[in-house]
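Engineer: Take the given structure of chain A and dock chains B and C to it, following the hints.
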Amino acid sequence: MQIAFYLSLNLLKMTEYRTELVDSFELELSAEAADLEKQLGEIYQEMGINYPKFYKMNDLCKLGFIGAEKITSNNTSLFSEIAKDQVATIFFNRSSSLVSDHEHMTSIHRQSIPSPAVFVYTLPNILNGEIAIRNEWTGYSAFYLMENYEASKIDELVNIGRHCQTFSLCLAGWVETDLANQKYSLKIMLYKVN
Amino acid sequence: MQDLILEIKSKLIEQLNLQHLTPEQIDDDAMLFGTGLGLDSIDALEIIVLLDNDYGIKFKDQDEAREVFTSVRTIAEYVSKHRVNG
Amino acid sequence: MKIYCNAANIYNSLGSDVESHWNNAIDQISTLQTRTLMNGFETKASYLSEDQWKTLRNEFDQNLTKSALLSIATINKALEKFPVNMQEAIIIIATTKGDVDMIPPGIQDSKNSTFYLSNIAHQIDEYFNPALQTITLSNACISGAQAIQTAGAYLKSGKVKYAIVCGVDLMTEFTLSGFNSLKALSDEACRPFDAQRKGISLGEAAATLILSTEDHPFNDHTLVTFDGGMVTNDANHISGPSRTGEGLYQALRHVSKDFVERPDAISLHGTATIFNDDMESVALSRAGFSEIETFGLKGIYGHTLGAAGVLESILSVYALCHNLVPGTVNYSQPGTIEIINVSDKNILKEINTIYKCTSGFGGANCVLSFSKSIKND
Numbered sequence: 001m002q003i004a005f006y007l008s009l010n011l012l013k014m015t016e017y018r019t020e021l022v023d024s025f026e027l028e029l030s031a032e033a034a035d036l037e038k039q040l041g042e043i044y045q046e047m048g049i050n051y052p053k054f055y056k057m058n059d060l061c062k063l064g065f066i067g068a069e070k071i072t073s074n075n076t077s078l079f080s081e082i083a084k085d086q087v088a089t090i091f092f093n094r095s096s097s098l099v100s101d102h103e104h105m106t107s108i109h110r111q112s113i114p115s116p117a118v119f120v121y122t123l124p125n126i127l128n129g130e131i132a133i134r135n136e137w138t139g140y141s142a143f144y145l146m147e148n149y150e151a152s153k154i155d156e157l158v159n160i161g162r163h164c165q166t167f168s169l170c171l172a173g174w175v176e177t178d179l180a181n182q183k184y185s186l187k188i189m190l191y192k193v194n
Numbered sequence: 195m196q197d198l199i200l201e202i203k204s205k206l207i208e209q210l211n212l213q214h215l216t217p218e219q220i221d222d223d224a225m226l227f228g229t230g231l232g233l234d235s236i237d238a239l240e241i242i243v244l245l246d247n248d249y250g251i252k253f254k255d256q257d258e259a260r261e262v263f264t265s266v267r268t269i270a271e272y273v274s275k276h277r278v279n280g
Numbered sequence: 281m282k283i284y285c286n287a288a289n290i291y292n293s294l295g296s297d298v299e300s301h302w303n304n305a306i307d308q309i310s311t312l313q314t315r316t317l318m319n320g321f322e323t324k325a326s327y328l329s330e331d332q333w334k335t336l337r338n339e340f341d342q343n344l345t346k347s348a349l350l351s352i353a354t355i356n357k358a359l360e361k362f363p364v365n366m367q368e369a370i371i372i373i374a375t376t377k378g379d380v381d382m383i384p385p386g387i388q389d390s391k392n393s394t395f396y397l398s399n400i401a402h403q404i405d406e407y408f409n410p411a412l413q414t415i416t417l418s419n420a421c422i423s424g425a426q427a428i429q430t431a432g433a434y435l436k437s438g439k440v441k442y443a444i445v446c447g448v449d450l451m452t453e454f455t456l457s458g459f460n461s462l463k464a465l466s467d468e469a470c471r472p473f474d475a476q477r478k479g480i481s482l483g484e485a486a487a488t489l490i491l492s493t494e495d496h497p498f499n500d501h502t503l504v505t506f507d508g509g510m511v512t513n514d515a516n517h518i519s520g521p522s523r524t525g526e527g528l529y530q531a532l533r534h535v536s537k538d539f540v541e542r543p544d545a546i547s548l549h550g551t552a553t554i555f556n557d558d559m560e561s562v563a564l565s566r567a568g569f570s571e572i573e574t575f576g577l578k579g580i581y582g583h584t585l586g587a588a589g590v591l592e593s594i595l596s597v598y599a600l601c602h603n604l605v606p607g608t609v610n611y612s613q614p615g616t617i618e619i620i621n622v623s624d625k626n627i628l629k630e631i632n633t634i635y636k637c638t639s640g641f642g643g644a645n646c647v648l649s650f651s652k653s654i655k656n657d
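Protein chains in written order, with the working numbering: chain A, 1 to 194; chain B, 195 to 280; chain C, 281 to 657.
Just so you know, these hints were derived from the structure itself, not from any lab. Do not rely on the hints blindly, as some may be mistaken.
Listed below are the simulated DSSO-like cross-link pairs for lysine-lysine, each with C-alpha atoms no more than 27 Å apart in a straight line [stated by the list, open to error]: (1) A:LYS38 <-> B:LYS252; (2) A:LYS192 <-> C:LYS537; (3) A:LYS70 <-> A:LYS153.
Just chain A, same shape as in the assembly (with noise of 0.2 Å):
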């Protein structure tokens, strides 16, 4: 009885993988819906980055790019030590891609072909896509979504993640364009994870 019961508790014991926040990012913009997508402009060329891309990007991609592109540059030896196929990127958001999703659904009752451009935009996982087109990363990505933002949630999937497979740096991080609020927010992270 009392062997099965400790062999019981090994089964059910939590593997969690160490995870070591190296640095983070964040950002809050609150302004007029028009005003929202000039500041992401104003804050990539404060920058200095040269990513014609950018300009092509849907709000929530030029964000997360953005966050993404002050983690990396803050941190490139780390990066530079890392193989590119094992740099993980885990997004999460409330609204997915609303905003590009809007302006489809606009399109579609205007005319009768929509953009194709707005069109490859309405998935949030976009956003990953364009970070690992930049960066060269081709390993692990996950695009989740969460009513809030909760710190522990993202933790939990960070590990989830790492349970799926190998990684050794891992940017997270929450990624929300609310258009409907005019308030875009960021909070993204750098783990190294073992």
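Structural biologist: Relative to chain A, chains B and C alone:
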């Protein structure tokens, strides 16, 4: 023709989100795809939609369109010949 | 620790009896029918009938959104086969667009969030009351497959004893018109891997797979394990697959190295676009898998987006149980850059391990491995 070339450059900058460029910076004969401006397949689709919406031009298929999309000049020449409206 | 696939369900225009779905796959009957877009473009698609939706509404709460309704229905059906203690379970939803057709025209009206993707999990939690909050994964067309990989991770971590994976996506003007704008929508039923293929057909469906550490045979057939999976990114283009199939090749290589070296059959993504099917053939060739029997299911179901990875994994597991590689509906002539071993006929073959491949917008790829298990090995 020069007016149309300028008009098309402005439309391309707007439609393809090429905000980092001005019309003066786009050479009339520069290659649009591959090297040159480095446009991709989504941009090609956007140009097809643009030419349809703004000039009433319809292509038989994507291959026919790609032959026209070599440079701004080739687009302008095609529009000049085939435009239905705009 | 072994992870077993215990039960499954598929819900689409064919209905919700999963055994019928397998029999239909063997009989190679498509569920694609004519669908006309708002702009007049005619395509083929698979979608539930008005009567089916009426039946669902009568069975469950009138206020549920369509995605939640279909998800709850299919999860319930799977639970009938393998009841689970919700206090020890997690539910993982996989969807690309959820209830997107409910989006109001003005962005200001979006403050009311019934149609939000994150609201599906909320409705699922209210209905099933699991101990852990339901999570929602949205990673384009790999969502369903990745959700299965995630379920495996939850089980391995010891956080739960049961993982219920549900993939769902609806037939919407949003998605139809979008793919049409990309010139990716075929005007006829899609032809995976075929020389005459012209693009995709879309499909509406929900599918559920229940996994756990309990060695209960899959839908009462055979003991089947989920061996593991791999997610990679092409890091090449946001909507076009890599011409060298690099991401899918790496995923195949890793699953082969980490889990089972060589599958006996492979269930491909096979969307029937020129690019996707070519890319898969290149990836297979690079991995040395060109001769392995492969098949595609989208000629029957259409591309069910978020549901595809779950739905097609379920039928792959059926193929494993029955030692039968289904013929690929609407395939007749080889048409990919590299030769692959695909057939229009069913092939009887001993299958001990089957791989499931998926690829999607954003450049992600996911390969899963499922194997027959011998009890007590």
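Engineer: Now tell me if each hint is right for this structure.
Structural biologist: Hints, one by one, checked against the model:
For a cut-off of 27 Å, the pair hint linking A:LYS38 to B:LYS252 is broken: about 34 Å separates their Cα positions. Note on A:LYS192 and C:LYS537: the hinted pairing holds, with a Cα-Cα distance of about 25 Å set against a maximum of 27 Å. Distance hint between A:LYS70 and A:LYS153 is fulfilled; the C-alpha atoms sit about 23 Å from each other, no more than 27 Å.
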